[in-house]
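These protein sequence lines map, in sequence, to chains A and B.
Heads up, the numbering used here is the position in the first sequence plus 15, with the first residue counted as 1.
Heads up, the numbering used here is the position in the second sequence plus 1, with the first residue counted as 1.
For the record, the hints were derived by calculation from the structure and aren't laboratory data.
All residues carry an ideal CB built from backbone N, CA and C; glycine is no exception.
Certain hints may be false.
[As the list claims (entries may be wrong)] Below, simulated EDC-like cross-link-like pairs (lysine to aspartate or glutamate); rule was C-alpha separation at most 16 Å, straight line: (1) A:K59 x A:D71; (2) B:K102 x A:D71; (3) B:K102 x A:E74; (4) A:K59 x A:D41; (5) A:K29 x A:E94; (6) B:K59 x B:E72; (7) B:K110 x B:D86; (8) B:K110 x A:D53; (9) A:K29 x A:D123.
[To be verified] Listed next, with one range per pair, are the computed distances between beta-carbon atoms: (10) A:S99 x B:T56: 37 to 45 Å; (11) B:T52 x A:N77: 32 to 40 Å; (12) A:I30 x B:P41: 43 to 51 Å.
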Amino acid sequence: NAGVTQTPKFRILKIGQSMTLQCTQDMNHNYMYWYRQDPGMGLKLIYYSVGAGITDKGEVPNGYNVSRSTTEDFPLRLELAAPSQTSVYFCASRPGGQANNQPQHFGDGTRLSIL
Amino acid sequence: AQSVTQLGSHVSVSEGALVLLRCNYSSSVPPYLFWYVQYPNQGLQLLLKYTTGATLVKGINGFEAEFKKSETSFHLTKPSAHMSDAAEYFCAVSDRGGYQKVTFGTGTKLQVIP
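Construct all of the structure, not just a fragment, from the sequences and the given hints.
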């Protein structure tokens, strides 16, 4: 049972480069989330999706884009990498519908450095 | 707006001692409350959750938490710390509607001293 899978695990980018962080889940969850985690700051929501074709902004969306073409996949795109985007990125998913009390399931994260 | 405050970014306990990690929340409606644990280089894993009903919630690895509405608290406890409990712990509050907006605390790193 793979759960939530994130790739790559580590990446170093140069300022101005672009990349896509991949996230896929095999639990048929409707809701998916992208967070960034910075030391001492907890997790901040970047974007979320309530189902295929539907996405919305979270707390810190600037500099990022997402898409949700399938239930399984929720990639996060950085178009012009900036040093402020150095962080650990987590993807999460949970069931939708009446299951609002269900916890989110997290991937192991992508550690991204922008130099 | 909802918020979470975790008192103490670092907590140290001796092996075998009581673990107490503090969490206070604010929410305009009855919330769902969660504790997650994060081991190095891993994602967050659910320890326990409070939704409705019994206010003392038991989770995995011997942890439990008590929802106290009057104190707006959801402190995490374990009677006897084990070396394997060393990790970072996050308290989270969620509303009950829509996409489940979750607000995470800033985390508490637990160190267990042999």
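Straight-line alpha-carbon gap K59 of chain A to D71 of chain A, limit 16 Å: holds (14 Å)
Hint check: K59 of chain B vs E72 of chain B, CA-CA at most 16 Å. Holds or violated? violated (19 Å)
CA of K29 of chain A to CA of D123 of chain A, is that 16 Å or under? violated (23 Å)
Quickly compare the C-alpha distance for K59 of chain A and D41 of chain A to 16 Å and report which way the hint goes. At roughly 24 Å apart (the allowed maximum being 16 Å), D41 of chain A and K59 of chain A break the hint.
The hint says 37 to 45 Å between S99 of chain A and T56 of chain B; measuring C-beta to C-beta, is that right? holds (41 Å)
Check whether the Cα positions of K29 of chain A and E94 of chain A lie no farther apart than 16 Å. At roughly 12 Å apart (the allowed maximum being 16 Å), E94 of chain A and K29 of chain A satisfy the hint.
Under the criterion that the straight-line Cα-Cα distance not exceed 16 Å, is the pair K110 of chain B, D86 of chain B satisfied? holds (10 Å)
Distance restraint evaluation - I30 of chain A, P41 of chain B, Cβ atoms, bounds 43 to 51 Å: Since I30 of chain A and P41 of chain B have Cβ atoms about 28 Å apart, the given range 43 to 51 Å is violated.
Do the alpha carbons of K102 of chain B and D71 of chain A lie within 16 Å of each other, as the hint requires? holds (12 Å)
Decide if the proposed pair is consistent with the structure: K110 of chain B and D53 of chain A, CA atoms, cutoff 16 Å inclusive. With Cα atoms ~14 Å apart, K110 of chain B and D53 of chain A stay inside 16 Å; holds.
Are the Cα positions of K102 of chain B and E74 of chain A separated by 16 Å at most? Status holds; Cα separation ~10 Å.
Indicate whether the distance between the beta carbons of T52 of chain B and N77 of chain A respects the range 32 to 40 Å. holds (33 Å)
Checked against the numbered hints given earlier, this structure breaks hints 4, 6, 9, 12; the rest are met.
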